[in-house]
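These protein sequence lines map, in sequence, to chains V and W. Residue numbering for the first sequence follows full-length UniProt numbering, starting at 1 and increasing by one per position. Residue numbering for the second sequence follows full-length UniProt numbering, starting at 1 and increasing by one per position.
Hints in this document: simulated from the structure, not taken from any laboratory. Ideal placement from N, C-alpha and C gives every residue a C-beta, glycine not left out. Please note that a few of the clues may not be correct.
[Stated by the list, open to error] Only pairs whose alpha carbons sit at most 20 angstroms apart, straight line, appear in this in silico DMTMM-like list of lysine to aspartate or glutamate:
hint	chain 1	residue 1	chain 2	residue 2
1	W	Lys128	V	Glu56
2	W	Lys211	V	Asp17
3	W	Lys128	V	Asp10
[Said to hold, decoys possible] One side only, chain V facing chain W, incomplete, derived with CB under 7 angstroms:
hint	residue
4	Ile54
5	Ala61
6	Val82
7	Arg86
8	Met90
Read off the chains here:
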Amino acid sequence: MNNIVLSVKDLNVWYNDFQAVKGISIDYPEKSISAIIGPSGCGKSTFLRCLNRIHEEVPGARAEGEILLKGRNILGSKIDPVQVRRSIGMVFQKPNPFPSMSILENVTLGVRLLGVRDKSKLMQVAEQCLRKAALWDEVKDKLSQLGTSLSGGQQQRLCIARALAIDPPVLLMDEPTSALDPIASLKIENLMSDLKKDYTVIVVTHNMQQAARVADYTSFFVLGELIEHGACSDIFTNPKEQKTEDYITGKFG
Amino acid sequence: MINENESFIEESTKFNNLVDSNCTKSKVFNFSYQLQDKINYYLIKSFACLVILLLIGLVAMLIYSALPAMEEFGLGFAFGDDWNPVEDEFGALPFLFGTLITSFLALMLATPVSVGVALFINEVLSKKLAAVVSLFVEMIAAIPSIVFGLWGVFYLAPFVKETLTPVLKSSLGFLPFFQGASFGIGILTASLILALMIIPTITSICRIVFKTVPTLQKEAALALGSTRFEMIKIALLRPSFSGIMGAIVLGLGRALGETMAVAMVIGNSPSISASLFSPAATMASVIANEYTEADSDLHLSALCYVGFLLFIVTFTINGLARFIVWNQSKKVGG
Ligand SMILES: Nc1ncnc2c1ncn2[C@@H]1O[C@H](COP(=O)(O)OP(=O)(O)O)[C@@H](O)[C@H]1O
Ligand SMILES: [Mg+2]
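Chain V on its own, in the form it takes in the complex:
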């Protein structure tokens, strides 16, 4: 069994009085891809957003429970969310490069925030991350163009490269392909499989085939509750719960 990098214990999340996530516990092994599936509104994004504490940006949102990153509870009040986010990167549903920044500036922002100023070092980071995100060949001649000048799929890969720049051991992705066409989606899926070598990836998806294709583990949420969690091979071929079976066979959802 792999090491557990991230361990969620009894996580409850509220938006004011509304409980969106109910007592979820999941362990994430190192260098694996875990998918979260479930009908829309079941709390997938809410759950994911707690993992890097970006949920705190929503007024009225409140999380209780434990999220252990290598044994340390990142929900602890003494922990700085900035520190957490440097270890746990995030890619959003809609590609969101900074519109006022060039491709190069977008990719290197994370390291520049860490205080790196050296041009050649920044260039090196940019090339490395853009290569990892399978974007280097497409943009190497136009690094000074605006990030928003790229196509949707390229923008999303740029955002992945940007997240990788500070080399976070864990990468969160919230429906990273839902705004993209099938070909661009496929590229991102292939990319995820590559990223598994170095990173622990947790991906929310509304697309079960995608989960089945790329993930090692899958969790199935309904109405804020974890119905089933297990290896993909089990969940998709031999689910334990009736609800899971109904969902993956398309009977509800």
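Given the coordinates of chain V, assemble chain W with the ligands onto it according to the supplied hints.
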């Protein structure tokens, strides 16, 4: 079969007739709709033309009234630094200087404050508090400028004289801007009042500009491990540059033309001095002050010439700033 077909044709011609007669009916309507559209079009067009004509007429009247002074002093009027109604000697440079320096200083003071207040209201305060605080800020804009003037004379001027001047002199007294005696009224006081008056304008435009930045951009910055402050710099201020410039332009527009409050606290002396403590006069304030007591026709005409210059200055600066905004937004693409 054939019969049926014929009857069908008959039916359809009947139907066509029906449609035709309907069409002729609706053509009458169509005509009247067109007429209505035309009337509306010309009505709106004539209003638009009226506004433009009004502007042209205004400028033409201004030039006409200023003609005697224009003939007397020519373009040199704008560079002459002697304004002496007794000798019928007129040059507008002191007022040009006064207007530009007070507006510039006011912008320097008001912009950082306004941007800060806008960020504070949008990013720090809860929704309810934000509404209350922004209401208060916007109410500053509703204060009549004469009230600002009164407040300036009775409170701000003594404050500048007794508190601000000594502090500035002891800390920055080596600079030429902070030398000489202060009587309370003068460039500094006028600039402070102007700054206060344009803060609501700049603040509310900045708030609108910051609101247009999607949450997604802010979260993108935070997710990369930026602090709140860095997030504001990266995701809010940087893409908002052209918007902030636009806000400054609107503030500047107000500062350049502001008359009453400035006239009450600037000292109304047509002199040019590097010291911010010294009294001065702006183009607007000199017109307001001297218009009623202008004895000679040349004096009156010279005042109109000053008005014309003020118009040119506001026009140029607005155009320039608009160009900057346009240029910048083209670069940023948003
Ligand atoms: N900002 C918010 N304020 C209040 N309720 C929210 C907010 N965001 C999400 N919710 C609610 O929380 C539940 C889970 O939402 P979400 O996590 O976005 O679902 P999913 O990503 O699975 O579609 C939904 O019922 C949604 O209405
Ligand atoms: Mg979602």
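Hints versus structure:
| no. | hint | result |
| --- | --- | --- |
| 1 | W:Lys128 to V:Glu56 | holds, 19 angstroms |
| 2 | W:Lys211 to V:Asp17 | violated, 27 angstroms |
| 3 | W:Lys128 to V:Asp10 | violated, 33 angstroms |
| 4 | Ile54 | holds, 6 angstroms |
| 5 | Ala61 | violated, 13 angstroms |
| 6 | Val82 | holds, 5 angstroms |
| 7 | Arg86 | holds, 4 angstroms |
| 8 | Met90 | holds, 4 angstroms |
When held up to the earlier numbered hints, the structure conflicts with 2, 3 and 5 and fits the remainder.
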